[in-house]
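Protein chains in written order, with our numbering: chain A, 1 to 393; chain B, 1 to 476.
Be aware that a few hints might be false.
Unchecked claim - Quick list of the computed label-pair ranges, beta carbon to beta carbon: (1) THR244/A to LYS389/B: 17 to 27 Å; (2) ILE334/B to LEU203/A: 26 to 36 Å; (3) GLY307/A to GLU333/B: 47 to 57 Å.
Since the hints were derived computationally from the structure, they do not count as laboratory data. Quick reminder that beta carbons are idealized off the backbone N, C-alpha and C, glycines included.
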Amino acid sequence: MPESIRDKVAIIGTGVTKFGEHWEEDVGDMLIEAVHDACKEANVDLMKDTDAAWVSTLYDFSGMSGWAMVEPLGFYGKPVTRVENQCASGMDAVRNAAYALIANKYDIVIACGVEKVFDQGGRGLSQDILYWHPSLAWQAAPAYFAPCAIRAFKEWGWGRKDLARVAVKNHQNGAKHPKAHFRREITMETVLNAPMISYPLTLFDCCALSEGAAAIVLTRPDIAKRLVGDKYATIKALSLTVETQWPFFRPGWTGLSFPATVKAAEDAYEEAGITEPLKELDFGVVHDCFTITELMTYQDMKLCKTGEATELIKAGVTAIDGELPINPDGGLKCFGHPVGATGVRMIAELSKQVLGRAEGCQVKDAKVGFAHNLGGPQAIASVAIVGTPDWKP
Amino acid sequence: MAGILSYGAYIPTWRISRDEISRSIGSASMGGERAVASWDEDSLTMGVEAGLDCISITDPKEIDGLYFATVSSPYKEKQAASLIASALDLRKDVYTSDFTGSLRAGTLAVKAASDAIKAGTMKKVLVIAADARRAAPRSDAEQTYGDGAVALLIGRKEEAIAEIEGFSTIVDPIPGPWRREEDTYPKVFDVRIDTRFGVLQDIPQAVNSLLAKHDIQAKDISKFALYAPEARSPRALAGSLQIDPKIQMQELLFRETGITGTAHCLLLLVAALEMVKPSERIVCASYGEGSDAILIKATEKIEQEKGKHRGTKYILSKKMLPSYGRFLSYKKEIEIGWPEWERSSVAKYWRDEDWLLPLYGMKCKKCGTLQYPVRRICTICNEKDNHEKVKLARKGKVFTYTHDYLLGPGNLPSDGINPTTRLLIELEDGCRIWLEMTDHEVEEVDVGIPVELTFRLLHQKSDFRFYGWRARSLRQ
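In isolation and in its complexed conformation, chain A is listed as follows (with noise of 0.2 Å):
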């Protein structure tokens, strides 16, 4: 029978490198920042101590195998397993650090994460075409995205005004945080009035390209506390759920739901034992890759009914001061998405938010938090709960 892994995992170090546009930089010094900082505040050296590693990278040019950390971090001779899940890889790579800790086959493990999108030798979002079909139609990710935004338009009337909502809230946020790439607030006009991207996600719908690299150090809890003391976040649960890579050929195909979310969510709270998100939960960061799908993972996620997740923004439910803040520290919005690293970093944000030691906004008496990526993309699903070892459901 299955067991929840509720409590069986500790996080004791974290390092998250600025994200942004690192040209001076290569894959390997930004890993040797996330993941030395990580161990220094684990209090761990990283080659007599770790045993094992998972690096998350989504691009080939990013690093492959395990050579993609080994090499850089000269970890020679452990193993170490290169993750990748579209958006989820982060996450998923902390899911299998967490698995082989709960196994009992390793006891002080890293999962980190990386990107360095500019130095694919060209512009723009790097699109392969040759892992798609050579045939049938497909795209970057912000043209998945727009439709579903056209389907809530004409289901429940939502119009471009409440994508941008999205966008000033999370740059509010963003501004704070020393580590985001874009530290600016900005208006309603400004992301009304911004270049078209694909209609009708602007410039500012959309999350931009960034570099950066994160890593986190995972025991459990008995080797936390000989450690780091008290100082360290427990996971409640983390799952992840794979749907068709080609969602709008899927008959019956709404665009008012991501059903990798949902399931994701569902299975994340029972591993929790949370059945009143809104209320048990204190905070969380969502995959706000475009504005429209921050909006409907509030839904997915069931922190409101289907259709209001604009009223929730509105009644400022999930600003810096509201019942439930979403993304205190800007989101992808302002952190941009380097995919290898964004499950990590958010799941090194959750712990530092427990802890109270937020880089930029904290989070009032935070507890308990969620993490939530959504990729592929619209296929691959990952929600990872991390809180205080005392919180309970």
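Given chain A, put chain B in place with the hints provided.
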């Protein structure tokens, strides 16, 4: 004896006014407009569209051969007819051939088909003629040429809407125009020789020989569907044949489409077939290193075919290109947009060709869901290897869409100027399909509008031409 069982045509959506060409590049305007193949069309895709129009009420599996006539094939080596046969869902044991080299290729293909029917070696042969020729900017040809396609289904006289009573031909290796391997544009020695000693001699000779053979007078022919290279020759031809240009000559369509190459005299033939009455006769003549003339007589069945095909109705459904610059880019005289990433899987395309090109979806035999693309496991109920292939409907409504402005390396660039509109369509048979739109303006698009599918060139990554389906607004 053989006959025509049905007919079809295709004229692309776009037109450019000859005044606009003249204003932009300084040549004297010849008036009217000409048809222009879109950025993602070529003679092959237009041939598919004309073929679909022609066999819209025919079972493609009954066709035994496909002849494709063109002087502007997208390939120097690779048979276009085989690909067209696949898109039209013909059997795998049909005879396919490209007829090329001369503007007479269309009528020569009709003769070959007709002979096969008479000999009894084939029962139905589809003849398609199409051209999307290039011409040098500022040349006469730039204005006189038009892009378009025609299809004729040839079969036994018993089922024909028009009998093919006979052929005659003249072969005449006159100099021009010509285009060698290394030439992008056609060359002309002297238009006066080509017209005076070519068109105006060979066509009347072939026609008169045909009439004499069948003991028929020119005055007894209802319509003459004659090739002409430009707008003045028809008058001279009428004079030479001593026929009434206003009543007996099928309107050249110079001001509506331009001269559509190998397809042109057959396009005029289709226009005639749409109008003539039973037992009326048509003479159709081509020109190109000589002339072929065909004698055709409408049967009783001609009336029932009227209105069943779009044919020349395509001429009325048009959009004007906004500028000469746009015209040049669609005709590939200027290259714009981003260089394409190199790689795309030719192997995958080849493996999936049997459902990609004729556009088959699948119906799961367990849960009954109609879905696309075709795969082994049903996406709804997980049933394995238990489905039937079903040809998908070609019309539907837009369920949702976006206009994708991300033009750049790795993203398919539309025409390089406009965003790529992507549509999720609910087809009339209930199947969902996600496609790009073409031949449209952004303002036309909304949830709920009706659209129809169209066969186009998708891209040329890996230096290979990947053909497939897009969608367009209904062409009324």
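To see whether the hints hold, each was checked on the structure:
no.	hint	result
1	THR244/A to LYS389/B: 17 to 27 Å	holds, 20 Å
2	ILE334/B to LEU203/A: 26 to 36 Å	holds, 29 Å
3	GLY307/A to GLU333/B: 47 to 57 Å	holds, 51 Å
Going down the numbered hints, you'll see the structure goes against none, and every one checks out.
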